[in-house]
Structure formats: structure tokens, C-alpha cells
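Engineer: Below are the chains, spelled out letter by letter.
Number of protein chains: 2
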Amino acid sequence: MDAHVLTEERPAGGAAASPAALPPTYLESLLAAGLLIETGVRGLYGRSAVFEGIADALNAVITRIGVDQQAEVLRFPPALGQTDFETSEYLNSFPQLAGTIHSFCGDERAHRRLLARLEDKQDWTDQQEPTGLVLTPAACYPIYPVIAKRGPLPQAGKVVDVLSYCYRHEPSLEPTRMQLFRQREYVCLGSPERIVAFRQLWMERGQQLGRDLQLPLEVDIANDPFFGRGGKIVADSQREQKLKFELLIPVNDGAPPTACMSFNYHMDHFGSLWHIALEDGSTAHTGCVGFGIERLVLALLKHHGLDPANWPQGVRDTLGDV
Amino acid sequence: MDAHVLTEERPAGGAAASPAALPPTYLESLLAAGLLIETGVRGLYGRSAVFEGIADALNAVITRIGVDQQAEVLRFPPALGQTDFETSEYLNSFPQLAGTIHSFCGDERAHRRLLARLEDKQDWTDQQEPTGLVLTPAACYPIYPVIAKRGPLPQAGKVVDVLSYCYRHEPSLEPTRMQLFRQREYVCLGSPERIVAFRQLWMERGQQLGRDLQLPLEVDIANDPFFGRGGKIVADSQREQKLKFELLIPVNDGAPPTACMSFNYHMDHFGSLWHIALEDGSTAHTGCVGFGIERLVLALLKHHGLDPANWPQGVRDTLGDV
Chain D
1 MDAHVLTEER
11 PAGGAAASPA
21 ALPPTYLESL
31 LAAGLLIETG
41 VRGLYGRSAV
51 FEGIADALNA
61 VITRIGVDQQ
71 AEVLRFPPAL
81 GQTDFETSEY
91 LNSFPQLAGT
101 IHSFCGDERA
111 HRRLLARLED
121 KQDWTDQQEP
131 TGLVLTPAAC
141 YPIYPVIAKR
151 GPLPQAGKVV
161 DVLSYCYRHE
171 PSLEPTRMQL
181 FRQREYVCLG
191 SPERIVAFRQ
201 LWMERGQQLG
211 RDLQLPLEVD
221 IANDPFFGRG
231 GKIVADSQRE
241 QKLKFELLIP
251 VNDGAPPTAC
261 MSFNYHMDHF
271 GSLWHIALED
281 GSTAHTGCVG
291 FGIERLVLAL
301 LKHHGLDPAN
311 WPQGVRDTLG
321 DV
Chain C
1 MDAHVLTEER
11 PAGGAAASPA
21 ALPPTYLESL
31 LAAGLLIETG
41 VRGLYGRSAV
51 FEGIADALNA
61 VITRIGVDQQ
71 AEVLRFPPAL
81 GQTDFETSEY
91 LNSFPQLAGT
101 IHSFCGDERA
111 HRRLLARLED
121 KQDWTDQQEP
131 TGLVLTPAAC
141 YPIYPVIAKR
151 GPLPQAGKVV
161 DVLSYCYRHE
171 PSLEPTRMQL
181 FRQREYVCLG
191 SPERIVAFRQ
201 LWMERGQQLG
211 RDLQLPLEVD
221 IANDPFFGRG
231 GKIVADSQRE
241 QKLKFELLIP
251 VNDGAPPTAC
261 MSFNYHMDHF
271 GSLWHIALED
281 GSTAHTGCVG
291 FGIERLVLAL
301 LKHHGLDPAN
311 WPQGVRDTLG
321 DV
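Protein sequences, first through last, are from chains D and C.
1 is the number of the first residue of the first sequence in the UniProt record's numbering; add one for each residue after it.
1 is the number of the first residue of the second sequence in the UniProt record's numbering; add one for each residue after it.
What the hints contain is simulated information worked out from the structure, not anything from laboratory work.
Treat the hints loosely; a few may be bogus.
Calculated lysine-lysine pairs in the DSSO-like style (CA-CA distance at most 27 Å, straight line) [to be verified]:
#1 K149/D - K121/C
#2 K232/C - K242/C
#3 K232/D - K242/D
#4 K121/D - K149/C
#5 K158/C - K242/C
Derived CB-CB ranges, DEER-like [unchecked claim]:
#6 D107/C - D268/D: 27 to 37 Å
#7 G106/C - Q207/D: 36 to 46 Å
#8 E193/D - I65/C: 11 to 21 Å
#9 E86/C - Q313/D: 44 to 54 Å
#10 Q70/C - M267/D: 46 to 56 Å
#11 K149/D - A21/C: 32 to 42 Å
#12 K149/D - P312/C: 49 to 59 Å
#13 K232/C - Q70/D: 33 to 43 Å
#14 A255/C - V73/D: 41 to 51 Å
#15 D107/D - Q207/C: 46 to 56 Å
Quick reminder that beta carbons are idealized off the backbone N, C-alpha and C, glycines included.
Pulled out of the complex, with its shape left as it was, chain D reads as follows (with noise of 0.2 Å):
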């Protein structure tokens, strides 16, 4: 296993001793083990098929535990369409964040230039142009726009049920943050009084399944990361309204604990966007319970051991078989 790159600049506390000296980091630890598999990208990693197995025993139980909100299930592709993308407003608030794909559509001449670059070791990607495709940032983008072209919701609202691969532009050694990760959510579209009551029977069923998965957790108030000065302002008014939990498990080394499910209340931010009505003309409001797949993987690993045939039967019992 090549973990150059990774111990070349491990995260700052060692920086004095030997290389060789240091206990290995977790994503060492789990690279060694065969869990994830490097790719030469910080946040990019291959799955083993133990990871995998844990991470669709996850899915049941969500599953399974929100079976009571006949949620729709909805499934789309990785990505947006840069319309939808743009409405979103997305960009004002984690521009730094978004992914948008590109690709060549020169002749065979650009091509031949293309190749040329390439072999000289220089940049190609200057002839990449954008072909009208955003990255999905979070599980529930996609929803929105569809949901809204269907016309005006019950006025006891709906639950839609997503899970996507999610990108964001934020290489880390952390494994805790990829830049492509699974996201599973229930998305709850309909009055301000059913989004807050939503909410609340998520954070509750939340922590249950935490504590079934017998892993240590708070639940706390939370910020997205805005972007530049102005978002600090803007996450500070998330958090003095309360619109955001987390559900924190400490994953790694010597940092603070990881979010790997959040609790959101989005008011009418989506409705508005996308005009999403009720059937008395009222603008829906929305809000989403996310399961941060890849991260409640990471915190049974480092909580019960590498191998999930060794973890205590309770654990066991509530993943079914792993």
C-alpha cells in the first residue's frame, strides 16, 4: 500500500517525531485494512466489499425505521441540470463547493492539440467546455423541481425518499470527508407545523439508532458553510433560528466530532424557489433528515473494530446481517 502522499502530510501533532514512529491515522488504518482504497486523490477512495456491505445494512434500517412515511422513492443520477443548479441558488451561498462537468467538443484538429498538451505534460483542460451538468451537492436538489412541476401538494404534504452520490469540492485526509459520498435522506415537503414536527420525530428516531448502533453522540445546533464574510452572517441567523441539527459521533483523530446525520428546517426557501404549493395556494415549506452513508460507516469502524464480524451482537442485530 503506497501511503506516500498521505503520511507525507498527515495532520499536524506529530510533526516532531519520526515518521516511522507514528501510530497510523485512521484513514491509514483503513487503507491498510482494505476498507477504503486509495486513488491518489485526497477524498477519493475505492469501497471494499465489507464497506459496501455495511454501508447497504445502513440503507435497510433507514429503510426499514421510516417505513411509516410511504415516502415516495425517488432516484436520480449524480448530477443536476445547470438550470435547476442555478435556481437553487446554490452558487450564493457554497460556490467554493459545486462541481460542474466539462467536456471536449473541438474537431479533430482541437483534438490534435488536445494530444499534444497531453504529451507535453501541459494543461488540456483549457478545451473543455461546460456541458450544461452540475454535480449533485446534496441528495435533495434534485427533488425540487420535479415535485414542483406536478402541481400543488396535499395539504398534508409528502415525504420523498433519496439516496445519490453527492460531490463537493473539499479534498481532506479526513475520511470523514470525501469529495464524493453517499447521502440518503426523507424529505418532508408541506406546512411550516408538519416540517417542524418531521423534524423532530427524525431527530428522535436519530438518536435511537445511534444508540442501537452503540455509538457515542450529541446532538447539537449546527451552520452550513456558507461562503466568504457575508456567510458568516448568514450562519449565524441559521443558528440563532435553530434550523439546523447535527447529530456529532467523534470519528477522527484528535478532532472534533463528525456530523453524520443532520435534522433541517429550510422554511420556504425551496418553496419559493421552485414555487412549491400547497393545496390552499400557501408556499410549501421543506425540511430533510440526512444520513451521511460513508460517515456512519466511518464511526462504526473506528468505534467497533475493523472487522464487523467482531462487533457486539446488539450492533450486529440492528444491521441485520453485515
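Once you've looked at the hints, dock chain C against the given chain D.
Structural biologist: Below, chain C without anything else, positioned relative to chain D:
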């Protein structure tokens, strides 16, 4: 359902008739039934629970009929590192299909410029910079560098099981030609004899699966869509050497049948690029069987109807619970 974009430019054949008088295309039927969900972008669709149920059932069957391969299961997110992508020489053959991921890396001033462009409905993507990630063009691409790093393969070779969303920049009105779609593959690495036998085995198993699913099929020699005039020569050579076979099923209205599986012998192409060796020091040959998950689902829906509950019992038995 707003099918405006689709009906406006429907495939040739009914141009003289009134649009209202035309029977729906297969894509329109799938959208009307809610099996696929429109996103406003050609070749980018959401999937319903029913569609995903069929996809999951197909994957389970493919796992079952491949169990004797003792394949190593590896799963990758839908992107490669740019260095690995360059090494793959994909840009020589298919530059037009690849998708690179770009992000905004500017400061607050640049962000204000971005938002001003957005507000003026001008192109804002000119500030996007390459991130060093490229979308996966075929599910097997991430595994070659990973296997190469492990050192020589056992003389008997090995089989890897992969499944990934793949991206190809080819917007189309044919539902079988999506920009983001899933490929399931078994990839074999070993001696030339091993690969030839592997491919023969899977050509037989693929046809048997097609017959069990009661789909009309034929197997034919094929070639990849190599770019440009030079690509024609490469494609001809690929056909002459019988390196690629496809299992074809009629799916699209009035169009040639669609490749739903492919059986490929790469000779030493990837083995040489990545320096993958066998125990005796010789360069590994590789081959793969690829299953187009969306295409197989679409073939089933086309031939057996849009409601799996009404499919022939033999098909339902083959797929297990759909």
C-alpha cells in the same frame, strides 16, 4: 408532464403529421408512466421505485450467476483522478465523451463577479477551474491502477466485480443513451487463454440470461465509438480482431437494436498501460463483461410492459422479487 422539449424535436419519421396525432415515443411512455423522471436535460433522468427495483433485481441475478467467479467486489464513486484518467489513454480514443469536474476557486471579489454574471444571465462557468477529477467513463477504469499497485497477479489471474454510475457526453432522445447510467462488470485479469475462456463463458451466460428474461436478442461483433477519421481505422481493426461482441436487443422505436451487454477482450492494452504483470513476469491481458443496467431495465419494460406485476411468470421468477 411537460414533454415540450421532447416532442419539439422528436426523432425523424413523423415530421409531416400533427404532433398531437403521433403515438408517444418509448421515452414519452416511460415519462408518462413515471418510470423515468424528466430533468430538463436530455439523457438525464430520475428513476422511480419500480425502475430501481428492476435494476436491483438485475444486479442480484448478475451476482448469482457470477458467484463461481469468486470475484473481488470493489466499488468506486463515479470519478477517477486525472492522472489515472490520462494514463488510461481514454483521451486518445474518446475525447468527446469524457467529463472533467471543475470548481470555483476564487475569492469574494470573484464570487461577486460570478453572481453578477448569473444575474445578467451570462455564462458564469468561465471561472470554474479543473479539480483533478474526471467522471468514470466505464466502470472498470478505476480498478487497473489499484490492481497494478498490489504487484504481480496470481498466475491463474483474478476477477473483479464492479458497479458504477458512468458519464458520457452524448445527449440523446433515446432513453437507452443516457449521459449518466450504471454499468455492472466482471473484469478478468490473467493470461490470454484465461481471458478468452472468460469471455466465451460470459457470452454464453449473457445469452442464457437474456433467454431467461424472454428478451429477443442477437450477439454480434462490434466496435467502440472511436473519435475522428483515425478512429475509423481503429474501429475496423477492433472488428477484424473480434475484440468486442455485443448482446443486442431491440428497444427504441424504429432504431437498430441496442447493446445491453458487451463482451470485451482488451488484449494487453490496460496491462501494458498500468504495468500489470502475472507471476511469471508477463504482461496481464484483460477482458470484461459489461451489463448496461438501465438498458436491460428498458429492454424488459419494452418487451414485457411497463408494469412488472404483469410480466410473464418465468421472467419474474428469474428476477426474484421485483
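Engineer: For every hint, state whether the structure bears it out.
Structural biologist: Against the structure, the hints:
Taking the CA atoms of K149/D and K121/C, the gap is about 23 Å. The hint holds against a cut of 27 Å. Straight-line distance between C-alpha atoms of K232/C and K242/C comes to about 15 Å, which keeps the hinted pair within the 27 Å bound. Using a Cα cut-off of 27 Å, the hinted pair K232/D and K242/D holds, with the two alpha carbons roughly 15 Å apart. Distance check on the hinted pair: K121/D and K149/C sit about 23 Å apart at the alpha-carbon level, within 27 Å; holds.
Of the supplied pair hints, the one linking K158/C and K242/C holds, its CA atoms being roughly 23 Å apart against a limit of 27 Å. Remark: the range hint 27 to 37 Å for D107/C to D268/D is upheld by a beta-carbon distance near 31 Å. At roughly 40 Å, the beta carbons of G106/C and Q207/D sit within the given window of 36 to 46 Å. A C-beta distance of roughly 51 Å is found between E193/D and I65/C, which places it outside the suggested range of 11 to 21 Å.
E86/C and Q313/D have their C-beta atoms about 48 Å apart, which keeps the hinted 44 to 54 Å range intact. Distance hint check: the CB atoms of Q70/C and M267/D are about 53 Å apart, consistent with the given range 46 to 56 Å. A beta carbon spacing of about 25 Å between K149/D and A21/C contradicts the range 32 to 42 Å that was offered as a hint. Separation of K149/D from P312/C is about 34 Å and departs from the stated range, judged on CB atoms against 49 to 59 Å.
In this structure the supplied range 33 to 43 Å is violated for K232/C paired with Q70/D, their Cβ-Cβ distance being about 54 Å. For A255/C and V73/D, the hinted distance range of 41 to 51 Å is not satisfied, since their beta carbons lie about 30 Å from each other. Taking 46 to 56 Å as the suggested C-beta distance range, the pair D107/D and Q207/C does not conform, at roughly 40 Å.
When held up to the earlier numbered hints, the structure conflicts with 8, 11, 12, 13, 14, 15 and fits the remainder.
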